[in-house]
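*Asks:* Positions 85 to 324 (the numbering used here) are the ones given, in order, by the sequence shown.
Calculated from the structure, these hints are not laboratory results. Some hints could be false.
Here are the simulated lysine-lysine pairs, BS3-like style, with alpha carbons at most 30 Å apart [to be verified]:
1. K194 x K315
2. K287 x K255
3. K289 x K276
4. K245 x K289
5. K255 x K309
6. K255 x K276
7. K315 x K208
8. K297 x K219
9. K208 x K305
10. K300 x K194
11. K245 x K297
12. K219 x K305
13. K255 x K305
14. K194 x K305
15. K245 x K305
16. K280 x K297
17. K315 x K305
18. K219 x K309
19. K315 x K297
20. K322 x K219
21. K280 x K263
22. K245 x K287
23. K289 x K208
24. K309 x K287
Label pairs and their calculated CB-CB ranges [unchecked claim]:
25. P189 x K263: 12 to 22 Å
26. D237 x K287: 25 to 35 Å
27. K263 x G185: 21 to 31 Å
28. D234 x K305: 17 to 27 Å
29. K322 x G198: 29 to 39 Å
30. A241 x K287: 28 to 38 Å
31. A311 x A205: 10 to 20 Å
32. A205 x S275: 12 to 22 Å
33. D286 x P189: 32 to 42 Å
34. G185 x K208: 28 to 38 Å
35. D312 x H264: 30 to 40 Å
36. G243 x K287: 31 to 41 Å
A virtual CB, placed ideally from N, CA and C, is assigned to each residue, including glycine.
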Amino acid sequence: MATKRKEPAEATRKSSRASTVESSSKPPSTASKPASKAKKPASKKADAAPVAEAKEEEATGEPEAKKAKLDEEPAEEKAVETAPAEEEETKKSSSTLLAVGDLVPDVTLKNEDGEDVSLGALYKDNGLVIFSYPKASTPGCTTQACNFRDTYDEISATGFKIFGISQDSPKAQLGFKTKHTFQYSLLSDPSKALLKPLGHTDKNKRNHWIIGKGGKLLEIKIGVKPADDAKNAFAFIKGL
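Whenever a hint applies, use it, and build me the whole structure from the sequences.
*Replies:* Spelled out as structure tokens, the structure:
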């Protein structure tokens with residue numbers, strides 16, 4: 085009978101010990117968990133901002149574009165500053181007309197044989213008489229050119245050489261020279277590289293110019309008469 089009474093007490097003690105172990109093995113209070121959870125979103129948000137910004141920069145290339153733009157701005161500004169000067173210089177050179185006393189530029193043209201002729205090489209050792217005409221082998225041009233042919237010896241004796249010039253092709257100039265036996269060369273200037281600065285225009289295509297040895301422009305005659313041109317040029321040379 086005594087043994088039977090002890091069993092309930094022993095069972096009670098075991099139950100008490102199990103309860104104590106269970107109580108000690110339970111996790112601590114979760115009261116602090118909300119604070120921990122509250123911190124995590126902030127941390128994630130802070131970390132996400134640089135990542136999002138980096139992705140946006142990578143997608144748009146904005147920082148590199150801004151840097152490239154800053155690097156290019158000085159060059160663009162310089163180009164803007166120099167462009168007007170270059171444009172003004174080009175405009176000036178293309179529109180400038182030569183005047184008496186100016187140095188005639190060295191221009192290279194084709195003669196009737198298709199050979200290059202340097203104007204600078206021509207006036208280096210001789211004076212030049214250059215007359216222009218509208219079109220080879222036409223009546224007025226033939227009269228003008230033949231009169232220079234007939235006064236060739238007189239003008240050559242003064243140390244000046246005669247040259248005819250027009251916008252005709254070398255082939256047309258050769259036919260014109262051969263037909264009328266000109267002793268002098270005919271120059272082809274289709275782009276008016278020499279004719280334009282000398283004052284030749286579509287309205288005034290019949291003219292003459294006298295250039296001294298060394299390239300100085302001595303006389304300009306615009307709009308001459310075919311029959312009088314050669315004798316007037318000779319008269320001017322004799323008066324030098």
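*Asks:* The structure should be examined with respect to each hint, and the outcome stated for every one.
*Replies:* For each hint, the structure was consulted:
Restraint check: the Cα-Cα separation between K194 and K315 comes to about 27 Å, which is no more than 30 Å; the hinted pair holds. Between K287 and K255 the alpha-carbon distance is near 24 Å, which keeps this suggested pair within the 30 Å criterion. At roughly 11 Å between alpha-carbon atoms, K289 and K276 fall within 30 Å of each other, so this suggested pair holds. Of the supplied pair hints, the one linking K245 and K289 holds, its CA atoms being roughly 21 Å apart against a limit of 30 Å.
Annotation: proposed proximity of K255 to K309 holds, straight-line Cα distance about 26 Å (limit 30 Å). Distance restraint check for K255 and K276: the Cα-Cα separation of roughly 17 Å lies within the 30 Å cut-off, and the hinted pair is therefore satisfied. Restraint check for K315 and K208: satisfied, since their Cα atoms lie roughly 25 Å apart, inside the 30 Å limit. For a cut-off of 30 Å, the pair hint linking K297 to K219 stands: about 28 Å separates their Cα positions.
This hinted pair checks out: K208 and K305 have alpha carbons roughly 22 Å apart, not beyond 30 Å. Straight-line distance between C-alpha atoms of K300 and K194 comes to about 22 Å, which keeps the hinted pair within the 30 Å bound. Restraint check for K245 and K297: satisfied, since their Cα atoms lie roughly 10 Å apart, inside the 30 Å limit. With a C-alpha separation of about 18 Å, the suggested pair K219 and K305 falls inside the 30 Å cut-off, and the hint holds.
Between K255 and K305 the CA atoms are separated by roughly 27 Å; this keeps the pair inside 30 Å, and the hint holds. With a C-alpha separation of about 23 Å, the suggested pair K194 and K305 falls inside the 30 Å cut-off, and the hint holds. Distance check on the hinted pair: K245 and K305 sit about 17 Å apart at the alpha-carbon level, within 30 Å; holds. Between K280 and K297 the CA atoms are separated by roughly 21 Å; this keeps the pair inside 30 Å, and the hint holds.
Proximity of K315 to K305 is assessed by CA-CA distance (about 13 Å); at most 30 Å being required, the pair is judged to hold. Using a Cα cut-off of 30 Å, the hinted pair K219 and K309 holds, with the two alpha carbons roughly 15 Å apart. Pair hint K315 plus K297 holds up; C-alpha atoms about 21 Å apart against a cutoff of 30 Å. Under the criterion of a C-alpha separation no larger than 30 Å, the hint pairing K322 with K219 is consistent with the structure, at around 29 Å.
Restraint check: the Cα-Cα separation between K280 and K263 comes to about 28 Å, which is no more than 30 Å; the hinted pair holds. A distance of roughly 27 Å separates the Cα atoms of K245 and K287; the hinted pair therefore holds under the 30 Å criterion. The suggested pairing of K289 with K208 holds, with an alpha-carbon distance near 26 Å, which does not exceed 30 Å. Simply put, K309 and K287 have alpha-carbon atoms about 14 Å apart, close enough for the 30 Å limit, and the pair holds.
For the hinted restraint 12 to 22 Å between P189 and K263, the CB-CB distance of approximately 32 Å leaves it violated. Taking 25 to 35 Å as the suggested C-beta distance range, the pair D237 and K287 conforms, at roughly 33 Å. For the hinted restraint 21 to 31 Å between K263 and G185, the CB-CB distance of approximately 37 Å leaves it violated. In this structure the hint that D234 and K305 lie 17 to 27 Å apart at CB holds, the actual value being about 19 Å.
A hinted range of 29 to 39 Å holds for the C-beta pair K322 and G198, which are about 35 Å apart. The supplied range of 28 to 38 Å is met by A241 and K287, whose beta-carbon atoms lie about 35 Å from each other. Distance hint check for A311 and A205: the Cβ-Cβ separation is about 32 Å, which falls outside the suggested range of 10 to 20 Å. Range check, A205 to S275: about 20 Å between beta-carbon atoms, so the 12 to 22 Å window is met.
Evaluation of the 32 to 42 Å hint for D286 and P189 yields a failure: the beta carbon distance comes to about 22 Å. Under the hint 28 to 38 Å, the C-beta atoms of G185 and K208, about 19 Å apart, miss the expected range. A beta carbon spacing of about 19 Å between D312 and H264 contradicts the range 30 to 40 Å that was offered as a hint. G243 and K287 have their C-beta atoms about 33 Å apart, which keeps the hinted 31 to 41 Å range intact.
When held up to the earlier numbered hints, the structure conflicts with 25, 27, 31, 33, 34 and 35 and fits the remainder.
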